[in-house]
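Asks: Chains V and P, in that order, give the protein sequences. Residue numbering for the first sequence follows the working numbering, beginning at 1 and increasing consecutively. Residue numbering for the second sequence follows the working numbering, beginning at 1 and increasing consecutively.
Just so you know, not all the hints are guaranteed correct.
Okay, the calculated beta carbon distance ranges per label pair [what the hints assert, rightly or not]: (1) V:Lys101 to P:Ser7: 36 to 42 Å; (2) P:Pro61 to V:Leu106: 43 to 49 Å; (3) P:Gln17 to V:His76: 27 to 33 Å; (4) V:Pro109 to P:Glu14: 42 to 48 Å; (5) V:Pro109 to P:Met39: 26 to 32 Å; (6) V:Glu14 to P:Lys78: 41 to 47 Å; (7) P:Ser99 to V:Met59: 47 to 53 Å; (8) P:Glu83 to V:Asn8: 26 to 32 Å; (9) P:Pro81 to V:Gly29: 44 to 50 Å.
If you're looking for bench data, these hints aren't it; they were derived computationally from the structure. Ideal Cβ placement from N, Cα and C applies to all residues, glycine included.
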Amino acid sequence: DAKTTQPNSMESNEEEPVHLPCNHSTISGTDYIHWYRQLPSQGPEYVIHGLTSNVNNRMASLAIAEDRKSSTLILHRATLRDAAVYYCILRYSGYALNFGKGTSLLVTP
Amino acid sequence: DAGVIQSPRHEVTEMGQEVTLRCKPISGHDYLFWYRQTMMRGLELLIYFNNNVPIDDSGMPEDRFSAKMPNASFSTLKIQPSEPRDSAVYFCASSEGRSGRNEQFFGPGTRLTVL
Chain V
1 DAKTTQPNSM ESNEEEPVHL PCNHSTISGT DYIHWYRQLP SQGPEYVIHG LTSNVNNRMA
61 SLAIAEDRKS STLILHRATL RDAAVYYCIL RYSGYALNFG KGTSLLVTP
Chain P
1 DAGVIQSPRH EVTEMGQEVT LRCKPISGHD YLFWYRQTMM RGLELLIYFN NNVPIDDSGM
61 PEDRFSAKMP NASFSTLKIQ PSEPRDSAVY FCASSEGRSG RNEQFFGPGT RLTVL
């Protein structure tokens with residue numbers, strides 16, 4: 001399985017943008033890039049996914065490098081409720097998600 | 001839609017007892033996954049089903065663990081006999097289709113404590 005590398009932790013001020021990086025240098029052409037997050041004491045929650053082009057939804061934006069070897073999850077205005085562990089995951093098809101350690105995001109008022 | 005439903009939310013039992021965790025996936029989803037989360041090992045896949053058939057159970061720790069999916073709307077994960085090292089949060093997730101595009105929807109989890 002292609003692996004991802006994320007920083008262990010990041011910190012942001014409330015109402016500021018947050019850029020969460022992910023490296024996936026061994027990504028294959030058929031791997032989708034998924035982001036999930038897990039709030040304290042809750043199950044993982046889907047955030048966004050993409051293949052080649054940048055993607056936007058109501059929760060976040062996903063910026064994918066042209067060579068697809070890295071991506072960035074962008075939270076446009078962090079709130080205290082965005083404090084969570086964010087997982088960057090490559091998904092081919094039909095297979096379970098391979099969660100790594102993720103990035104623990106701390107949001108301070 | 002109620003999402004993925006798991007029961008019980010919390011379970012405390014004594015070593016050696018049988019434990020049964022239950023999951024109702026989202027209607028229409030044909031993939032169902034059981035995960036376990038601990039501080040030491042993080043989130044790890046135990047088993048997953050496609051159309052009620054177990055596809056990959058290589059993550060099941062040992063013979064004490066078994067999972068079934070008798071129909072499209074119900075799955076169980078059973079531990080018999082339970083041991084203290086089985087203490088963890090167990091998540092069930094479901095997904096529609098097998099494409100890499102398909103996201104997984106997780107339940108709230110069952111927190112299991114084995115004394």
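Asks: Which hint numbers does the structure go against, in order from smallest to largest?
Replies: Result: hints 1, 2, 3, 7 break, sorted rising.
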